[in-house]
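K.L.:
Residue strings, one per chain:
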Amino acid sequence: MTVADLQYGQKGIIKDFTEHILPIKLLELGCLPGNSVELLQIAPLNDPIYINLSGSHLAIRRSLAALIELEIIEETQAK
Amino acid sequence: MSKNINVALIGNPNTGKTSVFNQLTGLKQKVGNYPGITVEKKEGICKLPRGVKAHILDLPGTYSLNTTSLDESLVVELLLNKNDKDYPDVAVVISDVENLKRNLLLFTQIKDLKIPTILVINMADRMDRKGISLDVETMERKLDTKIALVSTRKNTGIDRIKELIADYKSISSKPILDTSRISPEYFERLKSTFPQEDLYKLWLVITQDVNFMPIEKKRIQDATDFSTKSKDELKKLQHKETVLRYQLINNILRETYKVDFMAAKGLRASLDKILTHKVFGYLIFFAILLLIFQAIFEWSSYPMDFIDENFALAAEWIKNTLPPGVFTDLLAEGIVAGIGGIVIFIPQIAFLFLFISLLEESGYMSRVVFLMDRLMRPFGLSGKSVVPLISGNACAIPAIMATRTIENWKERLITILVTPFTTCSARLPVYLILIALVIPEGSFLGLSFQALTLMLLYLIGFGMALLSAMVLNKILKIKSRAIFMIEMPTYRLPLLKNVGYTVIEKTKSFVLGAGKIILAISIVLWFLGSNGYSDDFQNAESIVAERIENEGLSTYSKNYVQNNIDAYRTNAKAEGMAAGAIQDSIQILREELSERAVAQEIASYKLEHSYIGQAGKAFEPLVKPLGYDWKIGIAVLTSFAAREVFVGTLATIYSVGSDEEETIQNRMAAELDEDGEPLFNLASGISLMLFYAFAMQCMSTLAIVKRETNSWKWPMIQLGFMSVFAYIMALMAYQILS
Chain A
1 MTVADLQYGQ
11 KGIIKDFTEH
21 ILPIKLLELG
31 CLPGNSVELL
41 QIAPLNDPIY
51 INLSGSHLAI
61 RRSLAALIEL
71 EIIEETQAK
Chain B
1 MSKNINVALI
11 GNPNTGKTSV
21 FNQLTGLKQK
31 VGNYPGITVE
41 KKEGICKLPR
51 GVKAHILDLP
61 GTYSLNTTSL
71 DESLVVELLL
81 NKNDKDYPDV
91 AVVISDVENL
101 KRNLLLFTQI
111 KDLKIPTILV
121 INMADRMDRK
131 GISLDVETME
141 RKLDTKIALV
151 STRKNTGIDR
161 IKELIADYKS
171 ISSKPILDTS
181 RISPEYFERL
191 KSTFPQEDLY
201 KLWLVITQDV
211 NFMPIEKKRI
221 QDATDFSTKS
231 KDELKKLQHK
241 ETVLRYQLIN
251 NILRETYKVD
261 FMAAKGLRAS
271 LDKILTHKVF
281 GYLIFFAILL
291 LIFQAIFEWS
301 SYPMDFIDEN
311 FALAAEWIKN
321 TLPPGVFTDL
331 LAEGIVAGIG
341 GIVIFIPQIA
351 FLFLFISLLE
361 ESGYMSRVVF
371 LMDRLMRPFG
381 LSGKSVVPLI
391 SGNACAIPAI
401 MATRTIENWK
411 ERLITILVTP
421 FTTCSARLPV
431 YLILIALVIP
441 EGSFLGLSFQ
451 ALTLMLLYLI
461 GFGMALLSAM
471 VLNKILKIKS
481 RAIFMIEMPT
491 YRLPLLKNVG
501 YTVIEKTKSF
511 VLGAGKIILA
521 ISIVLWFLGS
531 NGYSDDFQNA
541 ESIVAERIEN
551 EGLSTYSKNY
561 VQNNIDAYRT
571 NAKAEGMAAG
581 AIQDSIQILR
591 EELSERAVAQ
601 EIASYKLEHS
611 YIGQAGKAFE
621 PLVKPLGYDW
631 KIGIAVLTSF
641 AAREVFVGTL
651 ATIYSVGSDE
661 EETIQNRMAA
671 ELDEDGEPLF
681 NLASGISLML
691 FYAFAMQCMS
701 TLAIVKRETN
711 SWKWPMIQLG
721 FMSVFAYIMA
731 LMAYQILS
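Which chain is which? The protein sequence lines are A and B, in order.
Residue 79 is where the first sequence ends in our numbering, and the numbering goes up by one at each step.
Residue 738 is where the second sequence ends in our numbering, and the numbering goes up by one at each step.
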């Protein structure tokens with residue numbers, strides 16, 4: 001399960017990562033193990049996605065989102 | 001007098017840093033460039049309590065001291081260089097209250113450089129609405145600093161910043177994180193090799209990717225008994241640094257920063273649902289664009305007409321009031337006409353920057369990036385290229401400078417290369433005057449044909465930019481690995497003050513920057529147009545008199561006389577004048593008009609044989625297939641300095657050739673070609689518009705591209721390709737339409 005797999009209304013917690021493939025920029029914006037990620041919007045053509053990364057509101061492409069592993073913690077019923 | 005206190009404003013993007021800067025400095029600010037690079041340098045003076053003054057430097061927005069772009073590396077470079085004249089006595093970190101955690105990352109890094117650092121928490125007026133409560137006192141103690149709670153919107157807290165700056169000596173400059181924890185072993189080695197140095201500074205020098213301070217870096221590499229780590233290892237340690245800092249920050253915030261999510265309410269979610277909607281998102285974006293074009297075309301026409309008429313009046317007044325002579329001519333025909341050609345731009349430029357800064361201030365621009373990213377990808381671009389491309393509709397220069405936010409070099413280069421195709425405001429006067437001349441009045445679905453033509457020209461420019469981006473994406477072999485990521489700021493009502501500053505500043509820089517070129521060219525043109533070396537020029541009076549003796553007046557002059565008489569007759573009849581009296585006064589009028597027509601023919605003969613006329617004649621065979629005469633040829637040629645010169649050049653050429661101070665447009669409409677037909681017709685008009693749409697006619701843009709790409713190769717390719725392409729398109733248009 002990665003950020004790219006999130007559905008509307010789903011929220012996850014970033015898993016511990018040891019691989020240092022993520023750009024440092026993303027870490028600075030709060031992409032650290034234990035922080036939450038929530039999907040807010042998907043762009044009209046399905047990419048990029050708009051997330052709330054522990055308080056930071058960011059748009060990233062799916063290819064990058066697929067690198068961030070997480071665990072689902074909250075599942076509100078979404079249409 | 002004591003020295004001013006040097007203050008550096010530092011902060012993440014979208015924290016309202018510029019608002020704080022505006023509040024601190026008021027209009028006492030100066031925008032320039034850092035030497036050698038095009039990063040904008042904003043500085044100003046702020047009066048503090050007790051008669052002290054501070055020199056405030058607004059540094060580019062950055063998320064941390066780990067730099068990935070030129071803008072950001074500038075911040076690090078300044079903070080590491082104690083000898084820089086701008087090196088801050090005190091750093092002011094601006095943070096917004098909602099993203100405090102992330103903002104503190106930068107704060108702790110700066111504090112670890114042992115610079116006294118003040119923390120400004122901006123947008124404090126939002127705290128209630130977001131359910132945020134702060135324990136400022138504890139936070140000050142834990143962060144070992146002084147805090148100012150500020151709302152630039154409500155205008156509170158600014159005095160507190162001023163007091164803190166004035167009292168900067170009492171602010172702690174102790175580091176907050178034990179940076180050796182990043183890697184005890186590595187920092188120990190650093191320490192033994194460079195015992196005199198500050199370790200965290202060295203660490204920053206070592207880890208930055210950007211190529212700054214080569215000497216310092218070299219010193220580290222050259223140290224014989226010290227080996228640095230591989231790039232991968234360093235990157236791992238940078239990750240560790242970030243984690244350590246966040247641990248520290250989380251511990252502090254746990255005690256001092258509370259958010260009651262139940263109390264939080266915001267427009268973000270609901271506005272985002274609409275503004276980034278699959279259908280409405282695009283519709284709204286399109287509607288906003290349409291509104292902008294309507295504003296530029298329709299609304300700005302009133303102040304523009306006003307300016308146009310008044311400059312014509314001013315020129316006439318000078319001619320009638322001052323004693324006749326070379327100086328008066330220079331003033332009326334060269335200088336006043338030239339300045340008029342600059343001032344007439346102001347309404348449109350102001351409107352464009354008004355809209356662009358409104359969109360940016362409100363947070364909408366990021367939504368555009370989000371909406372457009374996927375659409376831009378097939379062209380080798382990303383959503384981030386949309387902002388430069390849209391800004392290019394105002395002016396390519398700031399647009400090309402705006403590409404600096406694009407981390408991916410290939411993407412950035414492509415954006416730089418194609419941006420000049422977008423319809424900058426300098427093309428606008430050319431389009432506007434040609435559209436008014438050759439596109440008929442009338443409307444379609446409530447939009448005038450003229451407005452639709454303008455819109456079409458914008459679309460052509462934009463389309464061409466995208467098309468060439470796609471081609472460049474295939475051709476250019478540049479490997480560049482950078483990620484796409486953009487922050488979506490909270491929606492905010494734009495602050496009129498900030499918008500106002502932007503509009504004034506951009507308009508001013510246009511008038512002073514491009515204006516100088518335009519004025520200089522106008523004066524040179526006036527000189528070249530009113531002097532000549534040939535016998536034909538010297539003996540113009542006798543040659544023309546002889547020709548009129550033999551052949552009579554030219555068709556243009558005959559029409560000129562006849563039209564005026566017809567108008568007079570209609571008028572007189574309407575006023576109920578007797579038929580006999582009309583005949584008599586027409587007789588007198590005819591004589592007067594013929595005299596004037598002769599004077600006009602002499603002037604126009606002189607122009608034809610002046611320096612400029614001869615240059616134009618030599619150039620004519622090249623532009624003839626496009627439907628232009630030698631006068632337009634000159635205007636096109638001089639436009640290679642800057643497009644907007646076109647109208648000014650024609651104004652100068654025509655007013656030199658005529659005694660009347662008509663407005664430019666009427667004068668252009670009266671121009672005839674060899675067959676006595678209007679010179680500006682649909683075919684030649686469209687051909688001209690297409691030429692201006694595609695040609696690279698702007699010295700300033702070429703200079704900027706040279707600076708941004710650091711070579712003459714790219715601007716020269718741009719100049720060559722765009723101009724040849726423009727010629728071909730204009731040629732095809734004229735040949736098909738005529």
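Calculated from the structure, these hints are not laboratory results.
Quick reminder that beta carbons are idealized off the backbone N, C-alpha and C, glycines included.
Don't take every hint at face value.
[Stated by the list, open to error] Here are the in silico distance ranges between beta carbons for each label pair:
1) Asp5/A x Ala269/B: 37 to 43 angstroms
2) Ile21/A x Leu271/B: 33 to 39 angstroms
3) Ile288/B x Glu71/A: 51 to 57 angstroms
4) Lys516/B x Ile21/A: 49 to 55 angstroms
5) Glu71/A x Leu271/B: 28 to 34 angstroms
6) Pro33/A x His277/B: 55 to 61 angstroms
7) Val279/B x Asp5/A: 53 to 59 angstroms
8) Lys240/B x Glu71/A: 18 to 24 angstroms
9) Glu71/A x Val259/B: 19 to 25 angstroms
10) Ile21/A x Glu40/B: 31 to 37 angstroms
11) Asp5/A x Lys240/B: 34 to 40 angstroms
12) Pro33/A x Ile728/B: 35 to 41 angstroms
13) Asp5/A x Leu447/B: 42 to 48 angstroms
14) Glu69/A x Gln247/B: 18 to 24 angstroms
[Stated by the list, open to error] Below 27 angstroms or equal to it, Euclidean Cα-Cα: the simulated DSS-like pairs (lysine-lysine) are:
15) Lys142/B x Lys25/A
16) Lys30/B x Lys11/A
17) Lys508/B x Lys11/A
18) Lys558/B x Lys30/B
19) Lys240/B x Lys11/A
20) Lys235/B x Lys25/A
K.L.:
All hints are to be evaluated individually against the structure, with a verdict given for each.
P.N.:
Results of checking the hints against the structure:
no.: 1; hint: Asp5/A x Ala269/B: 37 to 43 angstroms; verdict: 22 angstroms, violated
no.: 2; hint: Ile21/A x Leu271/B: 33 to 39 angstroms; verdict: 34 angstroms, holds
no.: 3; hint: Ile288/B x Glu71/A: 51 to 57 angstroms; verdict: 40 angstroms, violated
no.: 4; hint: Lys516/B x Ile21/A: 49 to 55 angstroms; verdict: 51 angstroms, holds
no.: 5; hint: Glu71/A x Leu271/B: 28 to 34 angstroms; verdict: 30 angstroms, holds
no.: 6; hint: Pro33/A x His277/B: 55 to 61 angstroms; verdict: 34 angstroms, violated
no.: 7; hint: Val279/B x Asp5/A: 53 to 59 angstroms; verdict: 26 angstroms, violated
no.: 8; hint: Lys240/B x Glu71/A: 18 to 24 angstroms; verdict: 23 angstroms, holds
no.: 9; hint: Glu71/A x Val259/B: 19 to 25 angstroms; verdict: 23 angstroms, holds
no.: 10; hint: Ile21/A x Glu40/B: 31 to 37 angstroms; verdict: 34 angstroms, holds
no.: 11; hint: Asp5/A x Lys240/B: 34 to 40 angstroms; verdict: 28 angstroms, violated
no.: 12; hint: Pro33/A x Ile728/B: 35 to 41 angstroms; verdict: 58 angstroms, violated
no.: 13; hint: Asp5/A x Leu447/B: 42 to 48 angstroms; verdict: 46 angstroms, holds
no.: 14; hint: Glu69/A x Gln247/B: 18 to 24 angstroms; verdict: 21 angstroms, holds
no.: 15; hint: Lys142/B x Lys25/A; verdict: 26 angstroms, holds
no.: 16; hint: Lys30/B x Lys11/A; verdict: 46 angstroms, violated
no.: 17; hint: Lys508/B x Lys11/A; verdict: 49 angstroms, violated
no.: 18; hint: Lys558/B x Lys30/B; verdict: 57 angstroms, violated
no.: 19; hint: Lys240/B x Lys11/A; verdict: 25 angstroms, holds
no.: 20; hint: Lys235/B x Lys25/A; verdict: 12 angstroms, holds
Hint compliance for this structure: hints 1, 3, 6, 7, 11, 12, 16, 17, 18 are broken, all remaining hints hold.
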